Each structure stands twice: as C-alpha cells, then as structure tokens.
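Listed below, chain by chain, are the residues.
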Amino acid sequence: MMWRFAAVSTRSGADWRQTDDAAQLARAAGGDGTALAALYDRHARGVYSIALRVVGDEADAEDVVQDVFAQVWRQAGRYDPSRGTVAAWLLTMARTRAIDRLRARRARPDSSAAPADDVWATRAASAADPADALTAERDAQRVRDALHELPMLQRLAIELAYFEGLTQSQIAERLGEPLGTVKTRIRLGLLKLRDALSERGTAGGMA
Amino acid sequence: MSQTHEEQALAAAYVLGTLDPAERREFEAHLATCPICAEEIGSLSRVTDALAYSVPQRTPRPELRARVLAAVTGGSHQASSLAAGEQPSRGVAREWLPLAAALVLAAGLGAYAWQLQERVATLEVRLEDAERRAAASELATVEARRVADQAQTAMAVLAAPDLVRIDLAGQAPARQATARALWSRNRGMVFTATDLPLAPEGRVYQVWVVTANAPVSAGLLTTDASGRAAVFFNTPPDIAPPVAVAVTLEPAGGVPAPTGDRFLIGTPL
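So the protein sequences, as listed, match chains A and V.
Residue 1483 in the working numbering sits at position 158 of the first sequence, and the numbers go up by one each step.
Residue 137 in the working numbering sits at position 140 of the second sequence, and the numbers go up by one each step.
Accuracy of the hints is not assured; some may be wrong.
If you only want the chain V side, here are some residues facing chain A, beta carbon under 7 Å, derived [what the hints assert, rightly or not]:
id, residue
1, 46
2, 50
3, 66
4, 162
Straight-line Cα separation of at most 25 Å, SDA-like style, residue types lysine to any residue; simulated pairs [claimed, not checked]:
id, chain 1, residue 1, chain 2, residue 2
5, A, 1517, V, 258
6, A, 1517, V, 20
7, A, 1517, V, 56
8, A, 1517, V, 253
Derived by calculation from the structure, the hints in this document are not laboratory data.
The model shown is predicted, which means the values in this text are computed figures rather than measured ones.
Beta carbons: idealized from backbone N, C-alpha and C, even for Gly.
Extracted from the complex, chain V is given alone in its bound form (with noise of 0.2 Å):
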C-alpha cells in the first residue's frame, strides 16, 4: 500500500511531462496496472488542460492561417479559399464589455439628468459613486496584473542563461538564518530567506547587491511570522556582477547605503 502511494507522488510530475525518463519508464509501467495512480493522473490532467488555457490569448497574423492549410493539406483541397473565419474573438469582447457598459450607463445618467433637472445632484452623487468604484475595480486589476507581471518575472529570472546563485548564511545577529539570491544581470532577482528573527519596530531589512564599486540597494525584504520571505527585485540593469549579496537592518524606509548590522551574507558560487 505504502508503495502505491509512493508512485502516486509521481503522477503530479507526469502529467506535468517533468518526470526524469527511467522515472518516467517506471511510471507508466506501474500506471498499466493501477487504477489508483489511473484516476490520479485523469483528475490531475484537467489542471494541466486548465493551464493549457490559462495563458494570455493571442490571435495570430491573419496571414497564417492560408500559409497552414496550405502547407498541411498541399494546397490540394478547397480548404484556403475559404473565407476566413471572422468571428469576433471572445478576448476583445471581454476586454470592451466595461467600457461599453461604461458609456451605457452614463449616457443612460445624461439623459435622465438632462429631463430631470432637479435630480440632478442625486445623479452626480451616483456617477460618483460609479466612478468610485470604477476606479476601484481598476485599483484591483492595477494589482493583480502586477503581482502577475512579478511572478511572471521571477520566472524569467530562473530561466536565465546568465543566472548567478549565491547562498547567504546567517551571521552574528541571526547565525540560524539562511538565504538564497539568483540574479540574473537582465532580469532581475529572486530572493528567498528563512528563519529570521521578527525585525524590531521601526526597522526593516534591507537587501544588498555588492559590486566591486559599492553596496546597491535591491530592496526592503519583509517576513511572514515564521521568518520566511520570498521576494523578485528589479535591479538595476547597468549594475556590476555581485561580489557579494547582503542583508541588513536598516532605519524604516530603508537608507542609499549600509550602516545597520550584518544578517545574512554571501558570495557567487
């Protein structure tokens, strides 16, 4: 029993096509004859369709679609004269359904206002509530698309071919603590630490890309209660290569240069 469980720990990998290949070998041997591991990797495909069609919808150059068909069927068959498919896409109208409602409404409130004078004041205090919130669903987007863009960058960063990894290890205020930097000179940093002490009132921790001229500024690093961080920071793209990685504790809001005490440090591998 515990070693079907133990193969059903693969299936997530499987369906995700990231299975070493003799692992992958074993996998599907096993997979033959269990019908637990079956129904494992069938409830976990519907995640990996989900993320198939979860990805930002393009619609391709129009032109594409005459060069397919007739590459693919030689041209041979009346496929590529025929007109193009021209449905509008479901992108674009989800995209334009706000605003349009947008204008629905306020030229529905124009015209009300416009026959009934004296509601006037009433209506503007609508509009501006309407407004309110419009500017507040656009806030929440602003946001989303932003922690988006952020995750969306840090895997750029980890697919970087010019990725340099430095290991920090705790120093004197925090010997347990431990951190991680992958830099990357383009894209940016990733950085993850564990086990810091809980920063003082009125200090934050602040991290340090080290070049051969002098300390830069990543950015302020903020835990959860466990001490754990998990951070992207945009650096400078002129910057040298790291000599080193650090952190300190600095003065709320953060200071252009060190002066706080020495938490974690680290040098290239």
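So here's chain A without its partners, still in its complex pose (with noise of 0.2 Å):
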C-alpha cells in the first residue's frame, strides 16, 4: 500500500485532518478497527447528512452510513489521495449508495445513470486539489449561496440530477422540455457555482 503522505502534508498547516484521515484509512485498510472508529466519528455526520438529504428518511440513512463504512472496510485500498480528500471520497460513495436506494424504491431497475463511484474513479488526478478542510467548508457555503442566486430552473435541474439521480432524459421528461434545454441548464447552472468557486479567492490564495 503506497500513501503519498509527503505530497499532502506539505500543503498547508490546514491539511492535517486529511493528512490524518489518510493515515486511518491506511491502517483500516491493514484490517485496523480503531482506525475506522475514528473515521466515523469524524465523518459519519456529513456521510449521514448527505444521506438523508437524498434518500429523505432517517433508517433508509442510517443504512446508508452503515454500506459506506462496510465499503471503506472492504476498499480502503482503493482510495487515491491525488483524486481528492477523504472526507470526499467518502461523500461520493454516501451519494451512490443513497442514489442507489432511491432508484431500488422508485422500482423502476434503470441501468441508467452512472455511479458515482465510476465518476471517482475517472476523475482526473489533478483535478480537486486534495486540499484542506477549511477549503471544503468555504466551497460548501460559496456553492450554498451560488445556488439560491441561480433562475430557479437550472437549480431544480442540477438538485435532481445530483441529489435525485435522475438522468439527462429523465429530468428532460419530468419537466417537459427538450433534452437540449435541460443539458443546457445543467451545464450553464454548474459553470456559474464553480466560477463562484473560483472568483471569491481559491485555497491557493490562503494564508
């Protein structure tokens, strides 16, 4: 197992959480149960609230935390700290198991959308700066504030792909209107949240 500590820590004081959180995962990954303890006593609350802000019921969310850590015992392994931090992989995977179980209820087996673990895997390695925490609660408020100021149809368009899974067509179906308008909305609605991002300052310019 090859952890690139080096390359993260030497990021910025601010890192230490994923710093740590690499550490932990390592030695879950070696079959220690402590080290996943203390990853779900830091994490557990942002992988249960993702989770219940997609599948919409408390035990269908409690279930959901328990797959993502079964999951985290099982693939520890598999986690690439170049592709983001921790605490993101962990959301992604408490997103797809989330998405998974409100596709299982809708009972409409569709083989449709991707995974999002799939999307995980194929992000670019430098793509999210596997920055620090503090970076990750800023973004959350910026997008939190981008999103309440998009026209409210490119907002329902991004909120029911992201947290309802459906796809393109399905959303294009729901609404009426033309796969075209609804690929447009999307794709114009997350240009604007991540030039909200990126114009108040990124985790580059932090002291």
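Take the two lone chains and join them into the complex the hints point to.
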C-alpha cells in the first residue's frame, strides 16, 4: 500500500485532517478497527447528512452510513489521494449508495445513470486539489449561496440530477422540456457554481 | 477542435452522474485521451464535492455508531468499545454563536450601565441600535430560509409521483405567450411563463387552478422585463384535480374569482 503522505502533508498546516484521515484509512485497510472508528467519528455526520438529503428518511440514511463504512472497510486500499480528500471520497460513496436506494425504491430498475463511484474513478488525478477541510467548508458555503442565486429552473435541474439521481433524459421527461434545454441548463448552472468557487479566491490564496 | 468542445459540454452532466448510459461510455472513452476534458472534470468535481458538503448537517443517532462498527468489523476489533467521539458538533456551535455573542453584549452593557448611571441613556440608544441590527439580520435569515425553502419545495413538486403537467397557450391578448404548470396535489405547483406582456400600471397577472367546482386562485405572477416568470405556488392540498390552469389580468392585489381577460389557458395532457 503506497500512500503519498509527503505530497499531501506539505501543502499547508490546515491539511492535518486530510493527512490524518489518509493515515487512518491506511490502518483500516490493514484491518485496524480503531482506525475505522476514528474515521466514523470524524465523518459519520457528513455521510449521514448527504444520505438523509437524498433518501429523505432517517432509517434509510442510517443504512447508507452502514453501507459506506462497510465499503470503506473492504475497499480502503482503493482510495487514491491524488483525486481528492478522504472526506470527498466518503461523501461521493454516500451519495452513490443513497441514490442506489432511491432508484431501488422507485422500482424502476434502470441501469441508467453512472454510479458516482465511476465518476470518482475517472476523475483526473490533478482534479480536486486534495486540499484542506477549511477549503471544503468555504466551498460548501459558496456553492450554497451560488445555488440560491441561480435561476430556479437551472437550480432544479442540477438538484434533480445530483440529489435525486435522475438522468438528463428523465429530467427532460419530467419537466416536459427538450433534452437540449435541460443539458444546457445543467451545464450553465454548474459552470456558474464553479465560477462562484473560483472568483472569490481559491485555496492557493489562503494564508 | 469543435469535437473536443462538444464533448467538453458533457463534462457537467458527467460529474453529476446524470449522463445516459451510452453517452457515459462514449464520454469515458473520450476522457481517457483528452487532457482538456480531464481538466474540466477536475474543476467541476470541486463543485460536486462542495454540493455534497452544502446540505444541512444533521447528527445521526449515537446508537448508530456501535451498530455500524459492529456490523462492519464483525465485532472482532476493539472499535466498538471505544468511547464515542463526543466532539461538540460544529453546526451546533455555529447556531449558538450569535446567541452567545448577544448574551455577552447584553451582559457587558448591563454592567456598564449599572456602574455609570449617567450613561444609561447613551447605552440604551446603543442597545436599541444593536437590537435593531439583530432584528434586521434575523429578517435577512428568515428571508434566506424562505427562499431556500421555496426552492426545496419546488423541487419536491418536480419529484412528486402524482405530477401533472399542464401546458398553457397564449390567448387573444397575448398569442405569443406560453406557460407550463407542474402540479402535485400534495406538494404544490411550479409555474413558468414566457413572453407575457408587461402588466399595465395597477394590474397584475393572477394564476388560477380551475377545478370541476370553481377556479381557485393559486397566486399572483410577476414577470421580469423580458416577460418571463418562474414561481412556486403552495396550492391548497384539499383541492380537486385541475381541469385547467389559466392566467388572467386583474386589478392590483388580485381578486377572489377571475374577472379579467384570459391571457393563458391550458388543460392537463
């Protein structure tokens, strides 16, 4: 198991959390239950919150939390720090598992949309600056604000995709709009959110 | 080059996990060889990560910890015997912070006033000012929450299993206008319109859910300068299913039953 701690830990003092997460993950990969417990204590809240947002039901959200940590336990070795933080990896898994449940509940076993795991797997290694928790929190606040500023239909298209796991075609069908319109809305909306993250300063600009 | 551009347009849908399967396979094949798209995915992933963080933070029940760790590690590790990490949650701290600050402020002012009675008047003015500012920020918070709730509810409508779609066509006063209503009995109605002429001074557009019994007002419609509107209406949950949705021009403030010209009308598909 090769973890590139050095590359991560030299970034900034605020990275201790990511560095420590990665260390715990490596220990968990080696079968250390206390390491898994430490990861649970730090991330269960975030994992539960995104799961609850997607499935909308506390019991189901708890099952998702269990699924996620079971997956961490089995696949800790699959985590690649160059693609993002441990926190981002956990939340990606949480959303995927939650959407799986949502789709199963919709009883339309569609093979349709990509499981977000795939999305994680094909992320460019340069991708998300595997930066610190502070950046993540600031990004969350900015994206929340920016989301509120989007035209309602752009916001709805993004939310239907991200939190409801609908494909573009399903969204188009639901809104009774041409697929092209939906695609454009999703793209414009997401680009605006990205602008909001970058225009007000980036991780690099932090003291 | 234009091909690269076209595929780059798929990146947003891809990071949201919302491409249809065929498109996704195609895009992934392309992604393996295209640094531009890889870069695009990278920067957009930051947005999706932030979206996952941006949801309201909720603490799971404390019992969940033992259950998960026992189930996952098969109880063979010491994990579940560890004391649950009782870190104070940051969300709670944040909610309490303004209150704590207000208490400190009030206590500080109180003591000062007691010691220096002659300055009571000045301090009261300050306190009033502080209170006014606190009230204003509370209003801003309420407004922000209202906007957020509205968008959330609008989304709930679109995800409703009983969604009814009603396309409205422009009538004699505005043939070019179009609108669409998405109605759910339990969750309300999302209404969008385009190309409506600006309502004349003293008049407003009013939206009606026409049931078998009578037209019921859904609410007023304000358009932007280009004649567009996108609004969410809470409709009464006990309302009968709409046989039509209509928009009329009415006196400012709206009326209990439609009186003016019909600008848009449509029936369920």
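Against the structure, the hints come out as follows:
1. 46: Hint on residue 46/V: holds, closest Cβ of chain A at ~5 Å, below 7 Å.
2. 50: holds, 4 Å
3. 66: Since chain A brings a Cβ to about 6 Å from residue 66/V, closer than 7 Å, the hint holds.
4. 162: holds, 5 Å
5. 1517/A to 258/V: violated, 39 Å
6. 1517/A to 20/V: It holds: about 23 Å lies between the C-alpha atoms, which stays within 25 Å.
7. 1517/A to 56/V: At roughly 30 Å apart (the allowed maximum being 25 Å), residue 56/V and residue 1517/A break the hint.
8. 1517/A to 253/V: violated, 41 Å
Of the numbered hints stated above, those contradicted by the structure are hints 5, 7 and 8, listed in ascending order.
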